[in-house]
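Peer 1: Just so you know, the protein sequences line up as chains A and B, in that order. Those letters in the first sequence? Residues 1 to 613, per the working numbering, in order. Those letters in the second sequence? Residues 1 to 228, per the working numbering, in order.
No lab work stands behind these hints: they were computed from the structure. We treat Cβ as the ideally placed atom computed from N, Cα and C, and that holds for glycine. Treat the hints loosely; a few may be bogus.
Calculated lysine-lysine pairs in the BS3-like style (CA-CA distance at most 30 Å, straight line) [to be verified]:
1) A:LYS58 with A:LYS27
2) A:LYS454 with B:LYS147
3) B:LYS117 with A:LYS482
4) A:LYS324 with B:LYS165
5) B:LYS147 with B:LYS159
6) B:LYS87 with A:LYS404
7) B:LYS187 with B:LYS50
8) A:LYS288 with A:LYS541
9) A:LYS263 with A:LYS580
10) B:LYS165 with A:LYS315
11) A:LYS324 with B:LYS147
12) B:LYS187 with B:LYS61
13) A:LYS468 with B:LYS50
14) A:LYS404 with A:LYS99
15) B:LYS50 with A:LYS404
16) A:LYS404 with B:LYS165
17) B:LYS170 with A:LYS324
18) A:LYS205 with B:LYS87
19) B:LYS100 with B:LYS50
20) A:LYS315 with B:LYS32
21) A:LYS205 with B:LYS68
22) A:LYS87 with A:LYS58
23) A:LYS205 with B:LYS32
24) B:LYS199 with B:LYS50
Sample of chain B residues with no beta-carbon within 10 Å of chain A, all distances over it, derived [said to hold, decoys possible]:
25) TYR108
26) GLU132
27) VAL133
28) LEU143
29) GLU164
30) ALA188
These are the residues of each chain, in order.
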Amino acid sequence: MGRTVGIDLGTTNSLVAYVDAQTGKPKCIPGPYGSTLCPSVVSLDPGGNIIVGEPARKRLLTQPERTIYSVKRLMGRGLADVQEELKLFPFRVDAESGKVIRVQLGEKSFTAPEISSFILRELRNWAEAHLGETVDRAVITVPAYFDDAQRQATKDAGKLAGLDVLRLVNEPTAASLAYGLHEKKRGLVAVYDLGGGTFDISVLKLIPTDEGDIYQVRSASGDTHLGGDDIDNLLQAFVHEQILQSDEIDFSPHEEIAQELRKELIALKHCLSERESATLKFPLPDGKTFEFEFTRGMLDALIRPVVDRTMTPVKRALADAQLKPEQMDEVVLVGGTTRTPLIRRTVHDFFGRQPHTELNPDEVVALGAAVQANILDRGVSNVLLLDVTPLSLGIETYGGAVGKIIPRNSPIPASAQEMYTTGVDNQTGIDIHVLQGERELAKDCRSLARFTLKVPPAPAGLPRVEVKFLIDANGILQVAAKDVRTGEQQQIEVRPSYGLNDAEIERMLEESIEYAEQDFAERQVIEARTEAEGILAATNKALVGDQSNAIPPDERSRIDRSVAALREAVAGRDYKLIRKRIDELNQATMHLAELVMNTAISTALKGKSVGEV
Amino acid sequence: MSPLSANSHVPLVCTSCHERLQGPFICGTCGKLQPTEGTDYFALFGLPRKLLIEMAGLERKFLRLSWKLHPDNFVNATEQERELSLKRSSELNDAYRTLKDPFARVEYLLAIEGERKEGEKKQQAPPELLEEVFELNESLDDLREAKAARSDVATLKEKLHAAEKSFSVKLAEVDAEMQATARDWDKALDAGEEASRKKIMARLNEHLNRRSYIRNLVVSVAKELAEA
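Just chain A, same shape as in the assembly (with noise of 0.2 Å):
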């Protein structure tokens, strides 16, 4: 048996943690770009290989119809669910798409669980790079909020990933649990979770108890489909049309510009976390360049209708829990669009008190994760999560209307039974439809699955099918059925309504391993001499320019020093070795880099290396 880690899935980065066994601390896996991110970005290349984080986010300029980001959004939804994400996102759905949802890359079409499989085995590479050992079971985060749907889609994605997924743990528990262990925090913690995509609040106690520490979530809420991305979107919007009107430019059939324009936004967003204004200066197709001055103001107003939104969940779950605002002990930010002035004022005003931002907002779920991993690998702990399921499980009944029989934020592992008979004489069959919301019609709540009971035939009212509904520790239903007469009990396979079946995973299983044995090491080899040959190639073609005449001696043989250094590293096939070579190589030729830029037209480029011209 190999390790186990904690991942975290996130909509626009992800990341891999796990317990060291010296410390007894939980550490986020850098990977071989050096950061402990990995974009959640996915890209076929023309030659029908996978590209997973960094170097796909770069493909997002180059080949954007290769290539998809926050796919989470995809996550156990539906066509109809999602036809809001299709206009703000760059999905290209494949038309043959069933009743789960295929993503066109290229000439290839894959399912949100295959693309976030591929996010999930290259975590479990770095991680089986760092620790030098197999992983094979992981304990992966998921939104409070997920229904069943999103959560058996997450858990499909691990088992394509070749992973044993212990464990499904919502995020804002795991990062509390990253918190507590931290802090040794008591009482009553609101945990606020805005990340890339999805919204959580979740309202937890924090028990000490003889046995250890008890996590109990009093009560979670949120929304799936709020995020960074719709703070993006709406900055992405606002300039497009402040460069229609003054520019009189079109660029929404260009996606590469439109990609371009999105990544000099988000970085803009995170300038204006740090400073009360920056400007924005975009190279247009035209030559021109479209200059901007945004300040903190400006974006606080833009974003002011995302914030709005969070704060409806967040009054549900204090009222759920029947608590106030003034009770909570602890208020804690998680994720990384937190980071944004506005909300963390927006909170601390709310709460009426600082909320705790100790830990890097970005980490912390995984780090939670890691612990979690870490509790489930050895069995017993001193630490207990006790969560529960985010929304109500119904059954439809006459006339369309929902029949509760689990109630939002009970505690799971959580069931109900409710017992059936049949209205027709020699009727064979009673059709049950399951559903998950609030909502007093089942066409308001979201479809679950449909099965049907199978009844021998006899006089109506007669049979008796007992059925047991389950929500697993997962969040994630079972269900069962026994026919209280004979004691026989019925088999019955739930899958979500869009959900991949047994079948359909087998065969994806089968199809990933084609993309799995490209060698993990091998391919890290491959990009980083890639990338060590654009640099070289653009280090020379700057110094044979004009402007190399204007570098003084000592820094012209740093650069030579540096070129010779990585033409050697490139020889080998030290991944690691390439990549400090091409850093080393891009500190030596900053300066050049500058003075190649003064001779060229952009002045929207500058503090970039020559590699990045």
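Given the structure of chain A, go ahead and fit chain B onto it with the hints provided.
Peer 2: Below, chain B without anything else, positioned relative to chain A:
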């Protein structure tokens, strides 16, 4: 039915080490989960079937049992043990959810005693409320009509607010009656008065039905007002 008869399915010895069992669910000797069926929620917490339950004590027991039963503790156990843990911990959670809520608790007690009766009575207004309910329904109709015709709803809303208040007071009265009857039940149980218990259960049943009727009214009025 005697209060303890539902426990008859609980095995007397552990299915694993065959030592004598001290309570439901877990063997005190070897720690293995037991395949007990039909343990009622009160017995599960080691409580008599009384209606007044001390909340802090219930929570302590709930947390202690959670430590022992939660699936997190059985990730590396056999398939059979994992199944049992899932079943037992879901029962524990269901039991806690039910006993924590004073009304769900009464409803559950009546159900396991075979005395819960709702059916057709549920939709019927309690006789002493008939007049008021009739008036309320009329006002609700008026409000809907006025909304549809976009005419002035202010006076109607005022009337409904008053009705909502009046029914909320009635709801509080039922709750107080329920409390008193619950106390009677506990006393009867202590005294072992078999005959009075049936009568008390009939009263509890009546309280529950009346309560659910009034509550539905209050909720629908509040909803109508919120939309107006």
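Peer 1: All the hints need checking, so say for each whether the structure fits it.
Peer 2: The hints, checked one at a time:
{"no.": "1", "hint": "A:LYS58 with A:LYS27", "result": "holds (27 Å)"}
{"no.": "2", "hint": "A:LYS454 with B:LYS147", "result": "violated (47 Å)"}
{"no.": "3", "hint": "B:LYS117 with A:LYS482", "result": "holds (25 Å)"}
{"no.": "4", "hint": "A:LYS324 with B:LYS165", "result": "holds (24 Å)"}
{"no.": "5", "hint": "B:LYS147 with B:LYS159", "result": "holds (15 Å)"}
{"no.": "6", "hint": "B:LYS87 with A:LYS404", "result": "holds (21 Å)"}
{"no.": "7", "hint": "B:LYS187 with B:LYS50", "result": "holds (9 Å)"}
{"no.": "8", "hint": "A:LYS288 with A:LYS541", "result": "holds (25 Å)"}
{"no.": "9", "hint": "A:LYS263 with A:LYS580", "result": "holds (25 Å)"}
{"no.": "10", "hint": "B:LYS165 with A:LYS315", "result": "holds (24 Å)"}
{"no.": "11", "hint": "A:LYS324 with B:LYS147", "result": "violated (34 Å)"}
{"no.": "12", "hint": "B:LYS187 with B:LYS61", "result": "holds (24 Å)"}
{"no.": "13", "hint": "A:LYS468 with B:LYS50", "result": "holds (27 Å)"}
{"no.": "14", "hint": "A:LYS404 with A:LYS99", "result": "holds (26 Å)"}
{"no.": "15", "hint": "B:LYS50 with A:LYS404", "result": "holds (27 Å)"}
{"no.": "16", "hint": "A:LYS404 with B:LYS165", "result": "holds (27 Å)"}
{"no.": "17", "hint": "B:LYS170 with A:LYS324", "result": "holds (27 Å)"}
{"no.": "18", "hint": "A:LYS205 with B:LYS87", "result": "holds (25 Å)"}
{"no.": "19", "hint": "B:LYS100 with B:LYS50", "result": "holds (13 Å)"}
{"no.": "20", "hint": "A:LYS315 with B:LYS32", "result": "violated (42 Å)"}
{"no.": "21", "hint": "A:LYS205 with B:LYS68", "result": "holds (19 Å)"}
{"no.": "22", "hint": "A:LYS87 with A:LYS58", "result": "holds (23 Å)"}
{"no.": "23", "hint": "A:LYS205 with B:LYS32", "result": "holds (29 Å)"}
{"no.": "24", "hint": "B:LYS199 with B:LYS50", "result": "holds (16 Å)"}
{"no.": "25", "hint": "TYR108", "result": "holds (13 Å)"}
{"no.": "26", "hint": "GLU132", "result": "holds (25 Å)"}
{"no.": "27", "hint": "VAL133", "result": "holds (21 Å)"}
{"no.": "28", "hint": "LEU143", "result": "holds (19 Å)"}
{"no.": "29", "hint": "GLU164", "result": "holds (19 Å)"}
{"no.": "30", "hint": "ALA188", "result": "holds (29 Å)"}
Hints 2, 11 and 20 from the earlier list are contradicted by this structure; the remaining hints agree with it.
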